[in-house]
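Given next are the chains, with one letter for each unit.
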Amino acid sequence: MMTWYLLIPILLPLVGACFVPFMRVARERAQLLGALFAVELVCTALAAWKCSGTLVLFTVGGFEFALLADGMGKFFAVITAAMFAAAGIFGFEYLSEDEHPRRYHIFYLLTLFALEGLAFSANLFTFYLFYELMTFLSMPLVLHEGTDKARRAAFKYLGYSLLGACLALFGFVFADRFCTTLDFVAGGNVNTLAVTGHTGLALAAAFCMLLGFAGKAGLLPLHAWLPIAHPEAPAPASAVLSGVITKGGVLGIIRVAYYVFGASFLRGTWVQTTLLVLALCTVFMGSMLAYKEQLLKRRLAYSTVSQVSYVLFGLFLFCEAGLTGALLQVVFHALAKVCLFLCAGALIHYTHRTRVPDFKGIGRQMPWVMWCFALAGLSLVGIPPLGGFVSKWYLAEGGLTQLGVLGGSLGAGVLLISALLTAGYLLGIVRDAFFPGAEFQQEELAAKPGWAMKLPLAVLAAALVVLGVWPTGLVSLIGGFAAAIL
Amino acid sequence: MSNMFAILCFFLVLFPFAAGIVCWAVGRGGCVAADRLAQLSSTLVFVGCLALSQCVGGSLSLPGVLGLGLSFQLDGLRLVLCCLAGFLWMMTTLFTPEYLAGKAKNNRYYLFLLFTLGSTLGVFLSADLYTTLVFFEIMSLSSWVLVAQSETPAAIKAADSYLAFAILGGLSTLMGLFLLYQQLGTLTISELAAAAAAVSDKRLLYVAGAFTAGGFAAKSCVFLVHTWLPGAYTEAPTPATALLSGIITKAGIFGLFALSGQLFLHDAGWGLAVLLFAVATMAVGALLALFSTELKRTLAYSSMSQIGFILVGAGMQGLLGEENGLAVWGSVLHVMNHSLIKLCLFLVAGVVVMNLHKLDLNDIRGFGRGKPVLMIAFLLGALGIGGVPGFSGYISKTLLHESIVEYIGVLETAGQSAGLFHAIEWIFLISGGLTVAYMTKLFVTLFVMKHPTRQAEFDALNGHYMSKLATVVVAVSALPMLVLGVLPHYTMDKVAALCQDFFGSEGPEHTIAYFSLTNLKGAAISIVIGALVYLVVVRCVVYAKGEYHNRLPRWLDLEEMLYRPLVLGVLPFVGALVARVAGSVMEWCIALCNGVLMWRATPTINPRSDDTFCAYEPHSRRMPSFSSSLSFGLMLFGFGLVSILVYLLFF
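Residue numbers (the working numbering), protein chains in the order written: chain A, 1 to 486; chain B, 1 to 651.
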């Protein structure tokens, strides 16, 4: 298939967004946009299946604006499209009482556009452009509610994202000098001649870029926007913020670490050590704060801080098992976290409550929602046979092979302590929802979730079970990437 | 043959899951068909377990499933454990509908009951520790719902601590498996011994083994991680308690056997560690059971104590090395005996609870008077567990005792001091004595004493206090104690010989004369101690002024005094403090920068105190001081950088 085909999954949401202002009837909009999400998913899958090669669109001052269909990009593109479809379909019912549903849908589609572009970027320049676009186009989602709190949250999101982008840009300038090309080359393309004598500077540049992109993924010093921004956005938007947009940062790290500087350049340096320590601290910190948090969506946001740092831990190991675990964790965290946020959305939408203790006994009213919540929660903890178990197994194994017994045990220990805390902050909710006590009197809810809300939840939870039991295809796919770039 | 094993394996592991879902769906409206379906499916599973005997030696591996792949195999020990599980499940499920009649959410109970069955069989059939862990976790979580079934505050609390130990234990085992896999490169149980022999530095292997053992020990209520036991056993519906005690603890024991009998084969250091924990478990459990004043709680602590007896065998296996036939036989047979005995005892307890809804010994005094089936069943169970000659428990306890004596002999022949093991032998005999004492306490309470006020009410129930089916179930569950105890050479020896391969053991060198004078002497000592303890401690201390009194001081409760405050209070506080400080560093920096760079005070608007003026303003559109924040500064900085970039690019 022609490489031009790559433009379809990128531009389709953009075109869709242009038509949203004219879709005034809610029902009609739901049908059209639902179809759009489905078509987008199919197009992305087709692109992932058939496309390969690079498409150079135009050149600006020596920088090429180019798209690339490689395994890693396709992997992220498909995940993005699938998660956006699930959260998008959920969104119709969730926003049925909203004042500005069209505004929301426009920016939702635009964010999808930026993310698809990000996934298919061929070089650092294109990637950076789409990265900034993603930040600016997703900010209105946080801003959507229009309250003072939402505004403050949006600016915090913006501030941290820009700080991260500044760091990335700083590194970008040096990368331009130290690398033979800014194109993404599997295994990295550091120019040994240019680097000789400037290793320290090159490493510092790499560190800045990695830290900058890690800001989007919620790594320690730059994580503070997540727990502020996520609770303010509408639930489906927080779902994609948490499940997919943080993965934009992850993709940035993968591209920089494995395709620009290369794993062999960074392995064993202070950059790796520092980032690993930061990742482990974040894993613990996120879980601990989630355990102490009472606002449901903020608890989930802290949980994202912790869980995405599992991914970063795996990536910074620079070994095959670590990378496999990290990419599996990308998939399973996306599925579980989108599912959890959507469940939280359903709970909040129908009970008009937001705090964890308010959801006591809700399992009797919304059994479907709470079952999905329980499954996604168990996967996040890492209980077999759900997906999270598999990814954590690979991560710990990678840690032990790469860091030796002492460091590896420390790493695995932190991951397990965090898993314990995860069980503490998620299973408690499930327990209270299903076992409120025999005498507990529940007020009947006026309305219950319809199929458009339940279907995405059920599909995500089922995917966690199915992919958890048969991860073979996924593991061999990811193993292929790992072999190519290490 | 391997085909048949594959089919049976799929059937035994997956069918209960499917049947559970069907039962749940059928029973949604409180339909009784769910009861029949659950009974039918657990009977079918038992038949399937029996059919397993036709394919001993079979194995099945499913590569790729769940990452590392699952594998199953069948040998003697696994066959015996599966048959026990199937039998116990069938018996308790047959009894369940009557016990749960009139209660809410029975379909949920069946759902998780059958889930637990499937996963327990998965544990017993597993050929590698990865598979064991996978099914072990599923089993822990689904049995959690069984504990919480009644949804009373006490049940929820018990379920909480059950879940906490399950999750903690599961993670500990997972950590252990990470380390083991790292060092050995395999988790297949039958390959562990060879792989471990090749490791030169054993220290790390011990650490890995200890972590792995953690989860299994928590499930089988070894001392220090036993505190979930009294709550969970008391609050779960009694048929579920029978399973918790009879089989689910044995899943933990299976894991510990895999470590003792394979990974640390003939390893004296490991054996000694296991032995010390075992002795503590045995003695503490027996003491707590003696002082307990509740029916199910006494039986629960009794389970703990008996697990200690089993683990004494596991420890002695390591110490005795190659010549460990007695210890292997003893521990395996005590696993079987304990399962069958606890089934019988908990079924009797279930009948009591079903009629009275009370557990306190003071309230159930005299309930069993004039109820011969109940009395004979309980008596057989009590005699079995007390190690009275002629009943099943005597055989396994004798074997375990002999293994200690044998090791003392080995040490003395080698000229080493055997003082520690003399002490252990005595603790073993005294614990046996305590078993006799607390079982006497229960028997006398239920069948001899009279209730001060309600005795007539109890007597009126005679003849129709349980259905025909329940009568048959109770009677059948009591039979094995007698059969096994009287004909040990035809029954128990065969079973033990079947199981010994798992431990790489050849069995005892010669046939054991169970009823020889030396062996009878051990039992006699225990019984005499038991009688004395009953007369002195129970009749004078626990039972005073016509009532049972709880004489245990509160501070002995490890969970309330240590674990809960530590895990729910101290550790989260310290952790959260550290996490908050670490997480706020950046925010503090930003606040500092804001204060230094944006020193200009934000203009504040003081609205006039004119109410009408304000009332017309629909809502304030004031931006929350964005232009004076660091974000704004950063944004300007970003624009600056972009313009520089554009300049560099184009000019």
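Mixed in with the good hints there might be a few duds.
[To be verified] Just a sample of chain B residues kept apart from chain A, beta carbon distances all over 12 Å, derived:
{"id": "1", "residue": "S71"}
{"id": "2", "residue": "L168"}
{"id": "3", "residue": "L174"}
{"id": "4", "residue": "W426"}
{"id": "5", "residue": "H464"}
{"id": "6", "residue": "R580"}
{"id": "7", "residue": "A582"}
{"id": "8", "residue": "E587"}
[Claimed, not checked] Okay, the calculated bits of chain B under chain A, using three or more residues with CB under 8 Å as the criterion:
{"id": "9", "region": "126-138"}
{"id": "10", "region": "218-225"}
{"id": "11", "region": "432-446"}
[Claimed, not checked] Restraint ranges, calculated between C-beta atoms of paired labels, are given here:
{"id": "12", "chain 1": "A", "residue 1": "A447", "chain 2": "B", "residue 2": "A591", "range": "41 to 47 Å"}
{"id": "13", "chain 1": "B", "residue 1": "L566", "chain 2": "A", "residue 2": "G450", "range": "32 to 38 Å"}
{"id": "14", "chain 1": "B", "residue 1": "V646", "chain 2": "A", "residue 2": "H100", "range": "39 to 45 Å"}
{"id": "15", "chain 1": "A", "residue 1": "A35", "chain 2": "B", "residue 2": "S53", "range": "54 to 60 Å"}
{"id": "16", "chain 1": "B", "residue 1": "N594", "chain 2": "A", "residue 2": "A194", "range": "35 to 41 Å"}
{"id": "17", "chain 1": "A", "residue 1": "A186", "chain 2": "B", "residue 2": "S53", "range": "39 to 45 Å"}
{"id": "18", "chain 1": "B", "residue 1": "L50", "chain 2": "A", "residue 2": "V277", "range": "32 to 38 Å"}
{"id": "19", "chain 1": "A", "residue 1": "F440", "chain 2": "B", "residue 2": "S53", "range": "45 to 51 Å"}
{"id": "20", "chain 1": "B", "residue 1": "R28", "chain 2": "A", "residue 2": "G428", "range": "56 to 62 Å"}
{"id": "21", "chain 1": "A", "residue 1": "V277", "chain 2": "B", "residue 2": "E191", "range": "33 to 39 Å"}
{"id": "22", "chain 1": "B", "residue 1": "Q54", "chain 2": "A", "residue 2": "E443", "range": "41 to 47 Å"}
{"id": "23", "chain 1": "B", "residue 1": "K521", "chain 2": "A", "residue 2": "G437", "range": "50 to 56 Å"}
Hints were generated in silico from the structure; no laboratory data involved.
Note that the coordinates shown come from a computational prediction; the quantities given were computed from them, not determined experimentally.
Glycine included, C-beta positions come from ideal geometry on N, C-alpha and C.
To see whether the hints hold, each was checked on the structure:
With a least CB separation of 14 Å from chain A, S71 (chain B) remains clear of the 12 Å interface cut-off, as annotated. For L168 (chain B), the condition that its CB be more than 12 Å from all CB atoms of chain A is violated, with the nearest at approximately 7 Å. Taking the minimum C-beta to C-beta distance to chain A, about 7 Å, the non-interface status of L174 (chain B) is violated against the 12 Å cut. No Cβ of chain A comes within 12 Å of the Cβ of W426 (chain B); the nearest lies about 40 Å off, and the non-interface call holds.
Look at H464 (chain B): its CB is around 28 Å from the nearest CB on chain A, clear of 12 Å, so calling it non-interface holds up. R580 (chain B), annotated as away from the interface, has a beta carbon of chain A within 12 Å; the closest lies near 7 Å. Listed as a non-interface residue, A582 (chain B) fails to keep its Cβ farther than 12 Å from every Cβ of chain A; the least gap is roughly 5 Å. Listed as outside the interface, E587 (chain B) is inconsistent with that label: its C-beta sits roughly 5 Å from the nearest C-beta of chain A, within the 12 Å cut-off.
Here the region 126-138 of chain B counts 4 residues with a CB under 8 Å from a CB of chain A, which clears the bar of 3, and the coverage holds. Chain A is given as covering the region 218-225 of chain B, and this is violated because 0 residues of the stretch bring a CB closer than 8 Å to a CB of that chain, at least three being needed. Given a C-beta distance limit of less than 8 Å, the hint that chain A covers the region 432-446 of chain B is violated, as 0 residues qualify and 3 are needed. About 43 Å separates the C-beta atoms of A447 (chain A) and A591 (chain B), a value consistent with the hinted range of 41 to 47 Å.
Judged by the Cβ atoms, the range 32 to 38 Å given for L566 (chain B) and G450 (chain A) is violated: they are separated by roughly 46 Å. At roughly 34 Å, the beta carbons of V646 (chain B) and H100 (chain A) sit outside the given window of 39 to 45 Å. Our hint of 54 to 60 Å for A35 (chain A) and S53 (chain B) holds, since their Cβ atoms are close to 58 Å apart. Restraint check, N594 (chain B) to A194 (chain A): a C-beta distance of roughly 39 Å satisfies the suggested window 35 to 41 Å.
Taken as a hint, the range 39 to 45 Å is violated for the pair A186 (chain A) and S53 (chain B), whose Cβ atoms sit roughly 55 Å apart. At roughly 56 Å, the beta carbons of L50 (chain B) and V277 (chain A) sit outside the given window of 32 to 38 Å. For the pair F440 (chain A) and S53 (chain B), the supplied restraint of 45 to 51 Å holds, since their beta-carbon distance comes to about 48 Å. Checking the proposed 56 to 62 Å range against R28 (chain B) and G428 (chain A) shows it is violated: the Cβ atoms sit about 27 Å from each other.
Taken as a hint, the range 33 to 39 Å holds for the pair V277 (chain A) and E191 (chain B), whose Cβ atoms sit roughly 36 Å apart. Separated by about 57 Å at the C-beta atoms, Q54 (chain B) and E443 (chain A) break the suggested range of 41 to 47 Å. Evaluation of the 50 to 56 Å hint for K521 (chain B) and G437 (chain A) yields a pass: the beta carbon distance comes to about 54 Å.
Comparing the model with each earlier hint shows violations of hints 2, 3, 6, 7, 8, 10, 11, 13, 14, 17, 18, 20, 22; every other hint is respected.
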